[in-house]
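Could you slot chain B onto chain A? The hints should help.
For reference, the chains in residue letters:
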Amino acid sequence: MFESIFLLLIVLFVLYKQNNNDFLHFLKHSKVLSQKQLTQIKLSEKKYKIDWLYQKKLISKEQKTTLLKHIKETKKFQMKQNLRRHIIWGGLGCVLMGIIALIASNWQEISSIVKLGVYFAVFAMITTRLFILLKKNKYAERWLWLNIGWIFIGIALIGQIFHLNGSPWDVLFFGALLSTPFIYFFRVKHVVTLWALTYGCGVAFGSSPEWAVFGVLLVLPLVLYFKNNAFSAWIWFFALIVSLLNTLWFSQWAKAFIDTFMPLSGAWIFLSALFACVSVCQRIIGSCAFTKVMRSVFYIICFATLFGVDYSYSIQNVVLTPQKMLVSVWGVFILAALPFCTVGLFLKDKKSAYIIWALSLILAFTYSFITFQSAGLILALIVFAVAALFFAYKQKIKSFYACLFLIIFRLCLQYFVYTVSLTGIGFGLIGIGILLLVGRYFLFHVSQKELS
Amino acid sequence: MKQHSFFLCVLFLPLLVLLSWTGYLVFTLYTAQQVVLAVKGYDPLDLFSGHYIQYEIDWEKTNCRQFPEGYCPKAQFAKILHRYYLPEQAAEEIDRLMQAQNSVSVRFDMVFSYIKGRQPIARMLLINNQKWFDYLNNERKK
Numbered sequence: 001m002f003e004s005i006f007l008l009l010i011v012l013f014v015l016y017k018q019n020n021n022d023f024l025h026f027l028k029h030s031k032v033l034s035q036k037q038l039t040q041i042k043l044s045e046k047k048y049k050i051d052w053l054y055q056k057k058l059i060s061k062e063q064k065t066t067l068l069k070h071i072k073e074t075k076k077f078q079m080k081q082n083l084r085r086h087i088i089w090g091g092l093g094c095v096l097m098g099i100i101a102l103i104a105s106n107w108q109e110i111s112s113i114v115k116l117g118v119y120f121a122v123f124a125m126i127t128t129r130l131f132i133l134l135k136k137n138k139y140a141e142r143w144l145w146l147n148i149g150w151i152f153i154g155i156a157l158i159g160q161i162f163h164l165n166g167s168p169w170d171v172l173f174f175g176a177l178l179s180t181p182f183i184y185f186f187r188v189k190h191v192v193t194l195w196a197l198t199y200g201c202g203v204a205f206g207s208s209p210e211w212a213v214f215g216v217l218l219v220l221p222l223v224l225y226f227k228n229n230a231f232s233a234w235i236w237f238f239a240l241i242v243s244l245l246n247t248l249w250f251s252q253w254a255k256a257f258i259d260t261f262m263p264l265s266g267a268w269i270f271l272s273a274l275f276a277c278v279s280v281c282q283r284i285i286g287s288c289a290f291t292k293v294m295r296s297v298f299y300i301i302c303f304a305t306l307f308g309v310d311y312s313y314s315i316q317n318v319v320l321t322p323q324k325m326l327v328s329v330w331g332v333f334i335l336a337a338l339p340f341c342t343v344g345l346f347l348k349d350k351k352s353a354y355i356i357w358a359l360s361l362i363l364a365f366t367y368s369f370i371t372f373q374s375a376g377l378i379l380a381l382i383v384f385a386v387a388a389l390f391f392a393y394k395q396k397i398k399s400f401y402a403c404l405f406l407i408i409f410r411l412c413l414q415y416f417v418y419t420v421s422l423t424g425i426g427f428g429l430i431g432i433g434i435l436l437l438v439g440r441y442f443l444f445h446v447s448q449k450e451l452s
Numbered sequence: 001m002k003q004h005s006f007f008l009c010v011l012f013l014p015l016l017v018l019l020s021w022t023g024y025l026v027f028t029l030y031t032a033q034q035v036v037l038a039v040k041g042y043d044p045l046d047l048f049s050g051h052y053i054q055y056e057i058d059w060e061k062t063n064c065r066q067f068p069e070g071y072c073p074k075a076q077f078a079k080i081l082h083r084y085y086l087p088e089q090a091a092e093e094i095d096r097l098m099q100a101q102n103s104v105s106v107r108f109d110m111v112f113s114y115i116k117g118r119q120p121i122a123r124m125l126l127i128n129n130q131k132w133f134d135y136l137n138n139e140r141k142k
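Chains as they are written, first to last, in this note's numbering: chain A, 1 to 452; chain B, 1 to 142.
With the rest of the complex left out, here is chain A (with noise of 0.2 Å):
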């Protein structure tokens, strides 16, 4: 079940992240160059080097200043601005699902009628607010976003009230299907290809193979997607592949393939592989929108695969399975990965993040695979902190935040171990996520301050 969760976290997480950091982006907006340097600029394969520029004398010393200043000062303010953006989404993502968490309780107290009347109440009012902000040109993103949140809900609702029999993977597809609606009205690129490989996935583990028909639905957008955004196209067409092979014969081969080596969470780690491994050719190839998305997306993983694998652990005290012990290995995996992406997204200390990840990778694999136990993995996670809290004080303040999400993550973990009941997990997760929007609030006081 933590597959379908990873799956929504990326979802509402990730993808927000905008363009708006692409250096083309700002140069456009900044108004510095003219439109016949800027067509220049896009031309060249050089174009985020100012030097290239100067020397060929497209752009004069005084511009190469300027630019330069404003760039400093933008990549300061535009950190700045994802980490709030990254806590805002964390929060909404917390809230989210604390109410799937109370859903799941499953209240006998309300019945079933109130229950649905609510939901398609709420529903109404949501759409006709984003029906009312688009009539009046009003781009609203997140309007977008808990419209799409509210499916998925009703979808687990509706599921629940009737006791319908269908795996996350069917939540999925079924969740994917009805928002494409409002993935038309999206701004931002990437939520088009996150959307292509939620589909994707519901289509290819759904438990209905004769669903994978409806990828035909794919086929519209890949097109006009293809026509600006090849990695977006690729991946649509990643998903369309799958869905046709899954329509013709290989659905049942590949689900009987994975049940057996690859037991309950083999289609994520195929997955956070590949994102792995766009994040590290993000080092040797450069940065592009892209890969920047796929590295933040490695990134929500390794927290939620932790938030899992220690979670699971803790309640769960008990002889380890085969499917656990995957777990457990991959847990291992994400938490080494964890200190070297962490790290290396804060301070930039390549040399450091390596011996950092070195050193937790050693460690957690030794007293968490194999002794099975979840020692290792809280163990790697200390080892990580006290790094981070170096870091902290050798560069002052920006690693700070790290460590204390860190600590409050660990302490929120703790309330979990000892909250068995649903709806105590449902109220705390949304405790957490107005923590973390309560926070934001904070964090963006601090920051006008300083820009001011």
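Keep in mind that a hint or two might mislead.
[Claimed, not checked] Cβ pair distances, simulated, as ranges:
hint, chain 1, residue 1, chain 2, residue 2, range
1, A, Ile113, B, Asn129, 23 to 31 Å
2, B, Asp134, A, Ser421, 22 to 30 Å
3, A, Leu435, B, Lys131, 35 to 43 Å
4, A, Val438, B, Phe6, 36 to 44 Å
5, A, Ser112, B, Ala75, 26 to 34 Å
6, A, Ser112, B, Arg140, 16 to 24 Å
Quick caveat, the hints were computed from the structure, so don't treat them as lab data.
By construction, the Cβ of each residue, glycine as well, lies at the ideal position given by its N, Cα and C atoms.
Just chain B now, with coordinates in the frame of chain A:
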């Protein structure tokens, strides 16, 4: 104006689909023939789906004459994952009863809304021919 109509249609489409789906399920639930099948199972806690009974149909204890076909349509029931969602407060108790199903004289049955050729919908869990919540209430009173 055309654009607004388009927005209206597109944005409310998911809502309408979900409403229609719910309507269809309600209609099926209350118009389809009801069949009672003996079940056995356990309660696996799922963090995100909540508590539910993962049951198996006990065809040996099921009366196959109640089906219009005159025989048990096992293939049709085999297609579905057998889940019955329970409120958190009652799940533990029912799980305990299911575990002790063989040693204690408790019989579990599931009422399905059944239409030939369509996916059956689980309607109500019966414990000793009583609705599960009635049974639990009676037991608590004792």
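- Task: Could you work out which earlier hints the structure fails to respect and list their numbers in ascending sequence?
- Result: none
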